[in-house]
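Engineer: The lines below spell out each chain.
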Amino acid sequence: MRVTLDASRCQGHGRCYEIADHIFTADDWGHSELLQAAVDGKDAELAAEAARACPEQAVIVEG
Amino acid sequence: MAYSDTTAAGDAAEEARFAEIAYRRSTNPVEYFTELRAQGPLAVGHNPRREVEVLNRADVEAVLRNTEVWSNAIPLMGSAEPVIPVGLDPPVHAEYRRLLDPAFSPRRMAALAPQVTAHANRLIDQFIAAGSVDFSQALAVPLPCSTFLDLLGIEQSELPRLLYWKDVMIHPAQLAGSFEAGQRLAAETAPVIYAYLYQTIADRRGKPGDDVISRLLEARFEGGRALSDNEIARCLFQLIGAGLDTVTISLECIFTYLATHPADRQMIVDDPETINNLIEELLRWESPVQPAVPRRATRDTEIAGCPIKAGTVVSPLVAAANIDPAVPGADSVDVRRGDKRHLAFGGGPHRCLGSHLARMELRVVVREWHKRIPQYGLREGYDVEWNCSRLRGVDHLQLQWDPAETVTEVSA
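Which chain is which? The protein sequence lines are P and Y, in order. Heads up, the working numbering is the position in the first sequence plus 225, with the first residue counted as 1. Heads up, the working numbering is the position in the second sequence plus 627, with the first residue counted as 1.
This is chain Y alone, in the form it adopts within the complex:
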């Protein structure tokens, strides 16, 4: 398979073609991926980074699990140094995960749930009486950012700064106007973010608390070495890039589905016990995070019989893998069936560090919202506009309800 490792040509026709692909992939992913899969197990020339896209479930799993052949050592989000832990390969990667995983364990995340519940209700309080809202801007964007600030022990007043930085890291092209200008903006902003993180770490060292930064300062590798400020900053940099928009877009995908599927919505209103299962099925079916982070071939290899040269960068499209019809039942959505295996949080050693955090946030928001606003739909006359990003969301999801059918007071 021929593959050229050049950056995107700033060619207008090419940009228009990529924009059309991005639109289709985000607006109707099932149709788009089904069409792509019919052409073969790999897709080439469909994204401006020139990555070879891997579509089928078995191949995506193999790429995610075989870290000897598939390296994660690829620059990400404008950071000059590999971000920690996703930019590292085993065995070093595992040493960092041993320090990081306890800070994001299910138990730790459960302990944070009351604060997230309070954030969700505080945000809902602001619009419940109005009978309509831009769900994305009023809830889906601020909720994960407020949660993240709590997690790191940073004041909520830092919210606007954090929101801007995560946009630079995740959507640089949208902010800067083109792919290439976006790459420049991300590279210029990364040192500013790092400087802020170094200062925050230094301050925390003098005043530790019950937060992730304090835990990373206390953590020790086998042999007793502590993490350096540089290592902690690279972890935090990744957390900003990975922990905010991912939850935002997942909320947007889930609420878009619920607003347009009243019977499924009624199911969770009648029986909140079904919420977790519904969320798992929608993470699989909607796959808000369409690709896992790219991997680079460390040697000549093959995928599904197609030769791949050493150095080739592939994009494991978990969104396509999750709906692969080779897996029985995977090509349809059913929020009532039992747990469906999915790769929405990736797989292999790089399984999303924040998966337990994300699940907790999604469950809290779905639960609290439906306690208070059980009946709602899309705002009259509004058509859902998907954001054309591989982080697939709806930037201004407009919802509407009858304020007479809401619960304005939260019971303690």
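Excised from the complex, chain P in its bound form:
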């Protein structure tokens, strides 16, 4: 599975890096940065949960 983060949509809600702090991290403004684009197994589930939780729909998990 592949994770994409649409930085133009991210508003710094911080849901993704709270749910999966090894896949996403916060920059100094609290906006998200992607640490890991390829995910499998448990990580794929966590990434999908982050995508569901994002109020801006800035996280996309495909593949």
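Just so you know, these hints were derived from the structure itself, not from any lab.
Chain P residues, not near chain Y, derived (Cβ > 12 Å throughout):
#1 R227
#2 T229
#3 L259
In silico contact screen, one side only, chain P against chain Y (beta carbon under 7 Å); selected entries:
#4 D253
#5 W254
#6 G255
#7 E274
#8 A278
#9 P280
We treat Cβ as the ideally placed atom computed from N, Cα and C, and that holds for glycine.
Once you've looked at the hints, dock chain Y against the given chain P.
Structural biologist: This is chain Y only, laid out in the frame that chain P set:
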């Protein structure tokens, strides 16, 4: 859609009608919003400000995100000038958020958590042996105010003054007796608050510390310009209006739910890891802050096919959007399921600046309380009375427990 931009008529029948609506919306929001939604995607004539209320999830998201059509340049909380940053539009808004967001980032807020934990335990110490408490007045009101004073580097002795001012800003009608008298009180008090803020900023400039005011004094825009005292005061004014009651009412909503849902309470007592998820679901389901701040149409437009004239003010009701049945599962509450997407902190560029602060405070209080008072309920004979405000809370939530079932000493 016809829309008149007049202020509220001081008509007694109208006031009674608005009071009835406010009662229903605060006491049983799910039933109220469901009924309203059945009449159409927009509601007109349901609040004294004459705002057009937006109910559905997709429409609320569109209003919050499309800042070209929907402007935030609307007077708020009695301030004569736009408050910063919520009263500004992009691209200027983003310049301020670049300076403000780092001061409210998750990392900064995590660093403040030990102080909030200490405040929570100090307050709990005062009533734990009594076996009952007015949760709202003894904990939910003072906790965010004490936290806020720490955040700004202001002495805790300023608490009473801050409490009064935030009430004027948020509940002027309640203090003054009517909507219109409240508007006057807010307009008269705003300059007094500003004068205090200017003095505080001037004092801090001479004696900087590790607090938000000092950080704003050090902050620089691209190009090197510093914030003026006026800009900092307008930020702080917004923080008082936005950062205190919102946390208070969220605590009241969460503890009212927990006091009346023992199985869910037991879940977080048995497994504190579930606290964050429970809080997210209750922020969604209870939506303590029912509307996002109003937006004004910059041009003729439409929402859900309804024409809207330029100049119309709309209220994006995130409380209604959060339970929109068009979103699968959104019309029921389940604190056990995974994260549900919600707009309790708004969305788009104006996403609540203090969302990381609020989450930290809510988690600390829920965690510390349940470590020490795991079993409790509503006080015997007490019926929950909701406050009839769009900032939906319980002004005197009465809780009761057996002191023999508490943990009186906090472990370090």
